[in-house]
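Residue numbers (our numbering), protein chains in the order written: chain A, 1 to 429; chain B, 1 to 429; chain C, 1 to 429.
One or more hints might be untrue.
Pairs count within a copy or across copies, as identical chains cannot be separated in the list.
As the list claims (entries may be wrong) - Lysine to aspartate or glutamate pairs mimicking EDC-like chemistry, simulated, CA-CA at most 20 Å apart: (1) LYS199 to ASP415; (2) LYS402 to ASP265; (3) LYS402 to GLU161; (4) LYS402 to ASP391.
FYI, nobody ran anything at the bench for these hints, they're computed from the structure.
What you are looking at is a predicted structure, and each value in this text was computed from that prediction instead of being measured.
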Amino acid sequence: MDDLGERMHRLCRELFPICRSITGNGLRKTLGVLKDNLPELVVHEIPTGEVCFDWTIPREWNIRDAYVMDPDGNKIIDFQNSNLYVVGYSLPVDRTVTLEELQGHLYSLPDQPAAIPYVTSYYEERWGFCISEEQRRHLKSGTYRVYIDSELSNGSLTYGEVILPGRSEKEVFLSTYICHPSLANNELSGPVVTTFVAKWLSGLKDRSYTYRIVFIPEGIGAIAYLSRHLEVMKQRVKAGFNVTCIGDDRSYSYLPSRNGNTLSDQVALHVMKHMHPDYIAYTYLDRGSDERQYCSPGIDLPVSSVMRSKYGEYPEYHTSLDDLHLVTPSGLRGGYDVLLQCIRCIEHNETLKLTVLCEPQLDKRGLYPTLSTKESGRQVREMMNLIAYSDGQHSLLDIADKIGVPMWDLFPIVDRLKTHRLLVPTGEA
Amino acid sequence: MDDLGERMHRLCRELFPICRSITGNGLRKTLGVLKDNLPELVVHEIPTGEVCFDWTIPREWNIRDAYVMDPDGNKIIDFQNSNLYVVGYSLPVDRTVTLEELQGHLYSLPDQPAAIPYVTSYYEERWGFCISEEQRRHLKSGTYRVYIDSELSNGSLTYGEVILPGRSEKEVFLSTYICHPSLANNELSGPVVTTFVAKWLSGLKDRSYTYRIVFIPEGIGAIAYLSRHLEVMKQRVKAGFNVTCIGDDRSYSYLPSRNGNTLSDQVALHVMKHMHPDYIAYTYLDRGSDERQYCSPGIDLPVSSVMRSKYGEYPEYHTSLDDLHLVTPSGLRGGYDVLLQCIRCIEHNETLKLTVLCEPQLDKRGLYPTLSTKESGRQVREMMNLIAYSDGQHSLLDIADKIGVPMWDLFPIVDRLKTHRLLVPTGEA
Amino acid sequence: MDDLGERMHRLCRELFPICRSITGNGLRKTLGVLKDNLPELVVHEIPTGEVCFDWTIPREWNIRDAYVMDPDGNKIIDFQNSNLYVVGYSLPVDRTVTLEELQGHLYSLPDQPAAIPYVTSYYEERWGFCISEEQRRHLKSGTYRVYIDSELSNGSLTYGEVILPGRSEKEVFLSTYICHPSLANNELSGPVVTTFVAKWLSGLKDRSYTYRIVFIPEGIGAIAYLSRHLEVMKQRVKAGFNVTCIGDDRSYSYLPSRNGNTLSDQVALHVMKHMHPDYIAYTYLDRGSDERQYCSPGIDLPVSSVMRSKYGEYPEYHTSLDDLHLVTPSGLRGGYDVLLQCIRCIEHNETLKLTVLCEPQLDKRGLYPTLSTKESGRQVREMMNLIAYSDGQHSLLDIADKIGVPMWDLFPIVDRLKTHRLLVPTGEA
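Could you build all of it, start to finish, from the sequences and the hints given here?
What follows is the structure, given as C-alpha cells:
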C-alpha cells in the first residue's frame, strides 16, 4: 500500500466539497485545511479595488445556496449536491421563469451528455446554472423557480504563502491554484501535491535553497502576487514550477517556460526523460495556466510545468467527470515523485571541479569496487565519466545529461569523491 | 481576369524583340520603355575603359543587321527574325565561306534539336551564329554568304536606377538585369516584375525604408554599380533581392545569400513557407547571378533571390524556347506577389514591447471578440501569442516564426494593440 | 605491391617478439629498434618514485624466463614461446603447486577457448599465467612446477620523443604507446605507423608546424609526460592524435576529443568523411586510451583518435589472436594514409582572403581552362567556390566543408590563386 498516495487522496476528498472561486470564503476554508497539514502556511488578503499591474482586485463573491425547482416543486438542481451547478460569480436571483427563459441561463455539453460543465463569469455580470445535457433534455415545459443566494461585494482576494529558508537566499518557487470548485485533477491535485512536497521540504534539515510556495487563485492571483513581489523574485528565483493537473493515472506531461531553456526546464526534461521517457512534451504555445503570467515579457521567471494529464487535453477536463475517481492515490504519488525529483536535482546541482590533473589514482584511495560485477562496472564507468567532465564548467545536471545517466545516480558518487577531496564545488550551478 | 498579370505580360511582349546585350542601344531602348512605366527611373552611362574593381568597362557593342545566305541565295538565318541567331558581341563580318568553314562558327544543341541556343562571347573576339540543330542538319554543301553589321567601339555601359526615399535612410535593394536579348523567364520577367513592384512602392504613401532599385547588365553591371556605391550601400542596405527568373508557372525557388541568415533570407523563407510551402530551397553553391557579386567577400550585402523556375534548372533555359509562352500572366503575378509580400514583411518588421506587466486585461478594452467563432478563437490565440513574445527582443518576423503564423496575419492585430497603447515599437528590427 | 605497407609490416614483425610492459628493458629494446628507423628519436628515463600529478612512477619490472612444468616434466607453458603467457608485472616465483593451487593463478577465456588472454597486474602484487581455455581443460591433476624469473625493483620508466621543428612554434602532437607485449593491432600498429609518419615528416622540407611525437607506455606514461611538459604543450599544441589500433583491414574509426570541436576533430571528421565515408564515429564516452589523460579537465589538449578497428570493439582484442595475421600491410597502409592526410590538412590549413572586391576577372589571367571538359568544369566550380568563401573568416578547412569537397582538392587551386596574388593568407587557421 502506498501510504503517501492514500494520504494525499484523503486530503483531496476533504477539500473536494468546498465551493472555491477566485475570491471568497471557499478560499479561506481551503487554506485553513491546508494549514492544518502545513503549519508554516500564512494567509494573506488583498482588498477589492487594489490595482495590480493592468488589473484590479475584483469584488468578493460568496454563495450560500442555490437551486432550480421544476413545475412540480422538485429541486432538480441543488447547489448543496454539487457546487458545479452554479455558474461561478453568478449574481443573486430569486424568480419564477418559464422554461424558455430558463434555457437562456443553462449551460450543458451536447457532446458529453452525462457531464455537468464548469462555467464562470468573472468579468461579465450574469447568473446561470450548469446542468448535464441528459437532464436538460428531460426538462418539462412550465414555470421554474430559480434561486441563487449569492453576494458580490467589496472584500478581498485570499491566498496562502509558505517561505522555507535555505542556505542560499536564492529561491525555488512553487505555485499552485485553489480557485476551482469540485474538480479534482484540475485542480485539487496541484494544491495537495504541493502541500505534501512542502511538508517534505519543511522536514529537510539542510535546504540548499529558500522555497517560496504559493496557493493562489489562478490568473488574477498570480498577477496580484507578482505585483507585490516581483522585484525580489526577479533577483532570487532560480527555478520554479507551476503545479497543476498532477493527480491522474495516465500520461506525464511537460510544458516549458517561455524562454524554454531555464534551469527549471533543464531539470524537468532530465527528470521526465529518465523517469517517464514516454512523457508528452508540449510547447509554450500550448500554455494555459499561470506560466502565462510568470513567463510574460518583463516578468520572465524560470517557471515550467510538470504534469500528469494536461488541462484541456483530457475528456473530463472542466466537467463534473474530473472527480476523485479520475484522481487516484497512485496518480498523485506519481506526480509527487516527479516534482520531488526535480527539487532534489536542483538541491544537488552544483558546478564541480576535479582537484588533480589527469585521471586520479583511484586504487590508492580504495575507490575501485573490490568485487567486480556488472553493477560495479557500471558504477566505475559513471564515476570515471563524472570525473572526466568535472572541469568547473559543467553543472552536475549538465554532466548527467552528457554522460546519459539520471542525475540521482551520481549523488552518492559525488559524495564519495568529495570525501576524498577529488571533487570540490565551485559554486551553485 | 488578372489584370496586373496581363499588364506585366504586355510589357514583356513590348520588350521582347529588342536586342539587348551588356552594352549598347538595346539597353537604352529597354530602359526607355521601362521609364515610360516608371518615370522615377534615371538612366546612367559608364564610359568604356572605366576601371571597376578588378574589371574594366568593355567596348560598347551594337548591331544593325546580320544574316547567312545559302548557296541558292536564301537568307536561312536572319537577325531581323530573331536576335538569338547572332552570337552576342560578334565582330562584323561580310564574307563568303564554305559550309565547312561556316560550321566552325555555328552553335546548336544536339540534345534540343528544335531550339536556338543563346551564346555570347564578351571577352574573346569572334563572330558566330546560333541555329537549331534541326536546321543545321539540312545545310547543303556549297558557298555561304555570312554578314554581320555590328560595331565594337568605345562608348558606355548603360543602366537604370530608381531611388524612392522612405522614413528611414536604411535601404531595401532590388536588382534585376536587362542584358538578355529575346529570352523571357531569364530575363524579361525580372525587369518587368521589378518595374511593377517599383510602381507599387512609388504609390505607397508612407515607406518605412528607402528603396534602391537598379536595372543593370548582369555581372559587369553589378560590379560597376557596386564600385560606384559600395560604401553607402554597406552602411544602408538592410535587405535586398536579386530579381530574376520570376515569370513562369512552375515552381517557386529560393536561393540564399552567402551569409544565409540575413533579414533578406529570413523574410524570403518566411514568405515561401507560408505562401508556397513546396518551394525549392537552393544553396549558395547553386548561385549563378548577381548574388555572386553582391555577396562576395568584402561586399557582403544581404541579398537573396526569390524566383519561380531558377536559371539553369529548366529545359528551356538559355534557348529560344524561353519565350512568352513559357512566361505567363499568372506566372508573373505569382512572382510579383511573393516579392511584394517580402517587401511588406520588411516594411512592417519592428521590435515590439508590451507596455504592461503580466497579460493585459483585454475585456476592459473590448479587445475580445464579442461573437465567439472558430475564426475569432484563432484571432484571440494569435493576439495572446503576439503579446506573449512582445518582449522588446523579438522582431515581428521572429514572433511570426515562433508562433507559426504568417506575419501578415499579425499586421491588423499589431495595429489594434498599438491603438490601445498595449504594444509600442522599440525600433526597426 | 605496396612497398610502404610491407615495410611497416616488416617493422611490426621485428618488434612483435619483444616483451614490453609499462617499464623495463622491453621498452628500451623497442625504442632502440624504432631509433634505427627514426634517428631523431631521443630516449628518456623517469626514475621510480617520481611524483607525476596524482601518480608515482612505479618500480621497474623485468622478466628473463618463465614456465609451467606439468607432472610429467613437460613445459606446457613457456615464456620463450610467447610473452603473453605471463601476467604482466608478475612477482618472481619458483615453487611446486597442486593443480588446484595452480588454477587460482591461471587466466583463460571460456568464450574464446583458443585464445591466450592478455592480463596485467600493475598495482596489486601477484603472479599468474595466461593460458588458452582449450589447454586449461586438458590439464591433468598432479604437481606442477611454476617458475617466473622476474624482478620488480627501483629503476625507471622509459619513453621516446621526437621533436621536428617547423616554421611555427605551434605544435602538432602525436602520441602512441609501446607497453603492450606480443599484440599487433593494439599495439604495434600505433608505434609503427607513427614511426613512418614521423619519417615522412622528417623528410618534409618546409613544415608549417613543429611536431612533438612521443612513444610512451599508456596511462602512466602519458601522465608522466604531461607532468613534465604541460605548460608548454597547453600554449603550443594546436592539434593532436592518439595513434592506436591502426593496422587491421576492417573498419575505420574516429573518437573525438572531450571538447569534440577542436581542429583535431574537425580535420579527422573531414578526412574520414571524404576518404572512408562509412567510418564508425564513437563518442568520448567510448574512450579508453590516452585521450583519458590528454583531454582531462585542466589538461584539455585537442587530441582525437583516428583508428581502424577500435580497442575493445573487435573479437581478437587483448588476446593472442591480435597478431600479425590480423594486422596486414594494407591495413597499416590504410591507417597511415588517413593519419598522413590529417597532417597534410593541418599543414595546409590557413585563413585566406580575396584581394579584390567582387569576383576577379579570371580570363585576363588565363585562369579559366582553355579546354572545357567535365573535369575542367568541376575545377572552375571549385575555384569559384573557394574564392566565394575566401573572406578572411573561414579557414581552408571550413571552406572545404562548406563547399563539400576534400580539402586536398583545393591545395593546387590555392597555389595557383596565390601565385596570381588573388588570395593571400591572413594567418594560420
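Verification of the hints:
1. LYS199 to ASP415: neither (25 Å within a copy, 49 Å between copies)
2. LYS402 to ASP265: both (16 Å within a copy, 18 Å between copies)
3. LYS402 to GLU161: This pair counts as neither: shortest intra-copy Cα distance 37 Å, inter-copy 35 Å.
4. LYS402 to ASP391: within (13 Å within a copy, 32 Å between copies)
Checked against the numbered hints given earlier, the structure breaks hints 1 and 3 and satisfies all the rest.
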